[in-house]
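The hints should help you fit chains C, V and H onto chain B, whose structure is shown.
Now for the letters of each chain:
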Amino acid sequence: IEEPLIFEMDVKGRSGVDLPDVPQHKERLGSLKRKGAIGLPGLAEPQVVRHYTKLSQKNYAIDMSVYPLGSCTMKHNPRLNEKMARLQGIADLHPMQPVSTVQGALELIDTLAHWLKTLTGMPAVAMSPAAGAHGELCGMLAIRAAHLAKGDARKRILVPESAHGTNPATAASIGYEVDPVPADERGRVDLAAFKAKLGPDVAGTMITNPNTCGLFENDIVDIADAIHGVGGYFYCDGANFNAIVGRVRPGDLGVDAMHINLHKTFSTPHGGGGPGSGPVVLSAALAPYAPLPYVTHGANGFDLVEHDDGPDGPKGSFGRLKGFHGQMGMFTRALSYMLSHGADGLRQVSGDAVLNANYLLACLRDELTAAFPGTCMHEALFNDDFLEGTGVTTLDFAKAMIDEGYHPMTMYFPLVVHGALLMEPTETESKIGLDRYIGVVKGLAKRAKMGDAEYFRGAPYHTPRRRLDETLAARQPILRWKPEETKQAAE
Amino acid sequence: IEEPLIFEMDVKGRSGVDLPDVPQHKERLGSLKRKGAIGLPGLAEPQVVRHYTKLSQKNYAIDMSVYPLGSCTMKHNPRLNEKMARLQGIADLHPMQPVSTVQGALELIDTLAHWLKTLTGMPAVAMSPAAGAHGELCGMLAIRAAHLAKGDARKRILVPESAHGTNPATAASIGYEVDPVPADERGRVDLAAFKAKLGPDVAGTMITNPNTCGLFENDIVDIADAIHGVGGYFYCDGANFNAIVGRVRPGDLGVDAMHINLHKTFSTPHGGGGPGSGPVVLSAALAPYAPLPYVTHGANGFDLVEHDDGPDGPKGSFGRLKGFHGQMGMFTRALSYMLSHGADGLRQVSGDAVLNANYLLACLRDELTAAFPGTCMHEALFNDDFLEGTGVTTLDFAKAMIDEGYHPMTMYFPLVVHGALLMEPTETESKIGLDRYIGVVKGLAKRAKMGDAEYFRGAPYHTPRRRLDETLAARQPILRWKPEETKQAAE
Amino acid sequence: MRFLPQTDADRQVMLAKIGVPSIDALYGDVPKEKLLAQPIAGLTNHLPEMEVERVIGGMARKNLGTSEAPSFLGAGAYRHHIPAAVDHLIQRGEFLTSYTPYQPEVAQGTLQYLFEFQTQVALVTAMDVANASMYDGATATTEAVAMANRVTRRKKAVLSGGLHPHYRDVVVTHGHHTGFETVVAPLDAKGKEDLVAQLGPDVSCVVVQNPSFFGHLSDFTRLAEAVHAAGALLIVAVTEIVSLGLVTPPGEMGADIVVAEGQSLGNPLGFGGPYVGLFAAREKYLRQMPGRLAGQTVDVDGRRGWVLTLSTREQHIRREKATSNICTNSGLCALAFTMHLTLLGEAGLAKLAALNHAKASRLADRLAALPGVKLLNDTFFNEFTLALPKPAVPVVEALAKKRILGGVPVFRLHPAPEAENLLLVAATELNSDDDMAALESGLKEVLA
Amino acid sequence: MRFLPQTDADRQVMLAKIGVPSIDALYGDVPKEKLLAQPIAGLTNHLPEMEVERVIGGMARKNLGTSEAPSFLGAGAYRHHIPAAVDHLIQRGEFLTSYTPYQPEVAQGTLQYLFEFQTQVALVTAMDVANASMYDGATATTEAVAMANRVTRRKKAVLSGGLHPHYRDVVVTHGHHTGFETVVAPLDAKGKEDLVAQLGPDVSCVVVQNPSFFGHLSDFTRLAEAVHAAGALLIVAVTEIVSLGLVTPPGEMGADIVVAEGQSLGNPLGFGGPYVGLFAAREKYLRQMPGRLAGQTVDVDGRRGWVLTLSTREQHIRREKATSNICTNSGLCALAFTMHLTLLGEAGLAKLAALNHAKASRLADRLAALPGVKLLNDTFFNEFTLALPKPAVPVVEALAKKRILGGVPVFRLHPAPEAENLLLVAATELNSDDDMAALESGLKEVLA
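Protein chains in written order, with this note's numbering: chain B, 51 to 541; chain C, 51 to 541; chain V, -13 to 434; chain H, -13 to 434.
Hints were generated in silico from the structure; no laboratory data involved. Don't take each hint at face value.
Derived, one-sided and incomplete: chain V residues facing chain C with beta-carbon distance under 7 Å [unchecked claim]:
| no. | residue |
| --- | --- |
| 1 | Thr168 |
| 2 | Ala171 |
| 3 | Leu232 |
| 4 | Val394 |
Ideal Cβ positions, reconstructed from N, Cα and C, are used throughout, including at glycine.
Okay, chain B solo, but in the shape it has when bound (with noise of 0.2 Å):
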């Protein structure tokens, strides 16, 4: 069933809000009265619920089945959480109230950030950032202005290959160049070359442990001493901190700054692509440099530090990164969920992960081709080796997934392993519910060997819409609904 824009159901004069009347005013908007009418439709609400509700039944979502999505973390968003978030005296409180009315927001924050902390057995964190990017932004501002007041700028940022597009796009935005360090055929960090590219020019490194191959970095602790040796720091990307938190702690390895994606391991819902909360945890040589706001407790109880010398002062801050004081909303639903699993649940978050992966790659394995041998930690990778000749791509095996009821499975990323196939199953699937979807994966790659590429490139069928055309869209980009086009190519 076809659903319209919003501005094809336009019907002048109506809307889907009453408000009272506009009493008796002096106008003062000087000449910047708005002249004639902005375009905006008018629907009525029932036409507006179902708008959205038909809307949504378009979409997948954890709700539904596996959301088996490699480096996302896609598991079950508590709904407790949501209650949280809504109470008031939390969704209702204004950034700029007097701190003496915001205690419990502020004890809130502070309490989060203990968690945090303690989990990742570092000194300080810094919670403002909005998301994992912007985490990392932080973290490498951090370790900029460290090198800065010693007077000693750098220049290289070592980045391995199979990092994250945020990693080199972070790194370069501020000015960084981004050296990029081979992968072994261990799918880890090639620790020769890595120790090859170090100088007194290296600012640091930006590694992801567990890395995005699902591995973990055997050499992590050799990493960490090799960078600190030329006078670098450390930046973990913490996506993956889902697999270790309660067992391993970052600040043990040697890390500086690291990233922790609420929306990921925290359980904050993506909500179809945001908002997150990227707080970054900090080393003691990096913890002066965390950025405003921050909470501290003061003699009246918690305090709110939102000024100091500044970036250009001698020592403090390397200033301010975001509106306001950080993703109260997620720090509450993060709350909500630590709370929930406590230091033994979340322990037990980590270990369910990475057996239900293993599981997976222990299942898989002989049908579809294992991207590297032995165990992985939280997500399964593999490569389209067993596609070979099939004339299925990755691509077209991954579409076929969804008439079977799930979502796609990363694909070609890591860019280091050949049409690969990444499987992040997180703990809260079940093993009857892994069972199905694996037996679906396996039928499918059954099927894709016995040769029906046909099949497959023309996989999904069953949904909304089918294969679209996204070099159209690049080429000539539509980014809004104007009466012409959009009528033109709904004909």
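Chains C, V and H in isolation, oriented as in the chain B frame:
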């Protein structure tokens, strides 16, 4: 995608709820401690959330599109109502709290009562009935109590053939003999036949107005006078109040009792079958017999009268009809709806509901066959003459609506019209939405006439299940899960 | 107005198509003098959403909610913790805004959960079959009596003195007006009654409650045998369904019909409604059962599916010969119930019940130690009866002034002299030790 | 544990299949001495849902929410009434628990609303194109500056003294560390600044705000012409998007990039986040834009549909050459925004804006009449600046003691002497006449 039963996802020992440890205590169960297992399945929260999410996706709902079930008033259910019903201070009130602690709750009930009485022009209202049929019981018990108070039990109740099944069922359940009154060729109560049945043993009549043919009983005042003339009472089935709210007061027509389905006219959600709420407005003649409990205005605020001298007492309520005080959650929703619309908006509600139904009737009467000439009230009734000779039945036609994205209309009701198709769009459908619906209905009618009976007999095609075997279900009832039976059937 | 999609321009076009000049013209069948020309006086006009929130929020703030105060109220309605997932899921539009599942092709979701609900109710009560819900425990009880009357073709119900007074009153009301006799046993505050002597050839059923209104637990096995020997049915009411996680179910004691209040699982107190009545019975009485039933079948493609079934018992088919007039039931409350119970599962329900019992047992120890207070129960689940040294109604009022909701006076439900000093006190998993200490010291002060 | 579906029995079967003796054995790559053998100390163990509610609820109760007190706080975050339908719909699992729509076949819902969102943002700002959201107004501003730097190949941004201090500080931080210069104009409390003199051949952009941080409305048409003549871009920030229902949009004044805070529509105050940054630009700069874009296309069957597009600008494709490092954005906040705006529609947004203006204008009249209080604005939308006769921070504290949230002291955001006595006061549709009277009398008392 198939969804198993919860019992088929059982893993022993698993639970979707955490509870604190049971503290030390003296066990006081006597000999009644349960032995042996219950047999309930164990699921974790993620699996439970998915299960019900996936079940929900197999349903049709108002939130998706037109739900043209005649007699059911499937209108938009505002989410504000849900929010109001969940407020602290409403959702968390215990029914047996001291009345000093629930003054706001009693005020809410009293306010809703005021609206209901004012809108109907009736002096009293019984709030406790749980649904429409329960309201019928309430009203009929009041009638019976009034007769008994006069020492004149009476036996017969006149009920039109077009009545909802609940009318005769209610009357019979309290020992009345149901005497059917035929409809005339205009789809109304045959006034002459009605009068002919009157006599001193007639306790009253139950008439739906507007009636189930979607027509206003234009002899209604004569009917009321006639029943009153023999000392009987006029019970009005208020299921179709949506057609006249704010425009006609049943009290002005001579009605003695009428239930109001808050889940129809006042938008409380149908919830897949309930809960409802069916307050009954009462005339001065019946008011003394209203059931317990009821709210009064006392010296210290509102009071709740929960006892009187009982059904055997000389005068007073006919007794208690339900535990506690009525469907407070539905009261809150209904009041939220009423305040949102106001006296002006409710008048527009009925006007637009009637307008929409007549628009359907006008647009469809050439392609389908209208059951009666002229305009209608809030629902448009068709017979199956237009399907004559096509081999397509009313059922087939209705089922074919499903593949077009619509819930079927009410079929084969009222009984007085052959192969009836009863469509009630309600006021919350837009013209655009109605035009699309009309297009689909006309298209199907054309298709039926073109001789595509085969297609209709097979419809629907795109639903999770198609044409379920109702005969088998009734002949060999399987009303609960048992391991062996369900497995067998699933195979 | 935000809920009304038609604009005046739309209306004009539609009226033209219909061929009438105005909406008023569509009301031609209404006697002219009965048709109102203006909005009804005495009511406010339409309000913005935020104003409605102010009005209803203002009413809510005048109440003392049980979540704001130590609360020990029971008497047939219990405050339990409802998992957040339950309220989230029942609000999905596909559940909330759907109708009774008469069209099974587009209602398999509702039908499947009803089938699961029926199974859970049958399991928990240890009965053969259950229906898809009634309004509440009280109305389910009177439906059960009516059913027993049909089954036995007799017209006399014996009601226990331990039956919830509202349930009793509703049955008595129905009996009075629909022509069956009700024998009401004296109030059984001590849990000692024996109803065997009430049996006779005209008795259709005996209605008992477990735990009783006063909290006592009884083994009805012997009673059931006597009832059956007398050709009658045993109806057991359960007002606190959580008890069945810990207590022998009625089905194991010989009950023929079990009725219950399902509010405790998934449904908020809500000042008394909407709740959900549970109704279970022996299979042999199936065709005399009231209410809706979801049944398993196959579709035209041979796939398992569900439909409403045995509807020839119901009013919309059977009309005046129906087993009940019930139509709208408590669908969404049943959904909340079944979700909560699915989350709990076998292990969760058992632990929840144990926790409730433990809390109440500890509270009973504390309160029974107060001077002048006497605990009337040897056995109970999560609620017990105290005999106070003075009338309970003013005691409870005095506690409320201290912002403690201290229990339900029996007198409130049964205003008779022998009930005057009796107080029902319930504890659930939500009562903390602090709550209990507050009640203990509050009660001590009020009684001093 | 309720969220973890595996039982120990499951785990044993799975470990056997994997061929390892324990979960610990799967951590063989972790240096032994770094692998913890026990749960980490210093943290509580898992808690039941009701305990979590107690802990977090306890924290919430220590705060004074804006819904509990007359509240006049703005400064970039505004309390508006959010229709209940919005929060209901964004919580549908299919929205809430879905990922970034990289697989368009199973994400047409998300993609379509993003396309609608982009169109709404472009319409409201009167710009050509908009992206699918940024984190917030402040980060959107610094992304806009970075974009202007790329477009102009220059590295100097001129920041208005009317720009929100947080936005300014974020840009300055970025500039400091990423190598562009920032020229910060003096605080412009009176709305009189003229930035034309700051232009020069090295300036990449001028960043202004409308209404300004102090509430002033300015016509930037002339500034835009001067900026363009100097080869730079004009960036206009909007912190109160509701204003655009009543005020001339930046696009009509020559803005090249418009950034805004979208919180006001659909998103609660939430102590500052998550919010939603809006980002719109002239079409000619499209390929230099940061962030995600939903674009229209057709599918293999020729049907209209939507995909993420132009992702060669983005980090996951372009890596170190990306226009921004942004990945996760504010999807769900954008959904709330677009739903609220869809409900409002043209008529609703205009009326909402008019109502805000009227409330603020009336409040300004009342407060400006207080002894010693001076209104600094000739023009404003729903927020204005008062010069008080004493420092604003203690005044606001004193008001808070009276349970009045009386405004935001400028000093809180910009602790400089010239800001000390300045108070920002905002009013929205949610402020009643009683609220205003409370502030008026409270302020009078505090200033006396």
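Now the hints, each set against the structure:
1. Thr168: 11 Å, violated
2. Ala171: 17 Å, violated
3. Leu232: 6 Å, holds
4. Val394: 4 Å, holds
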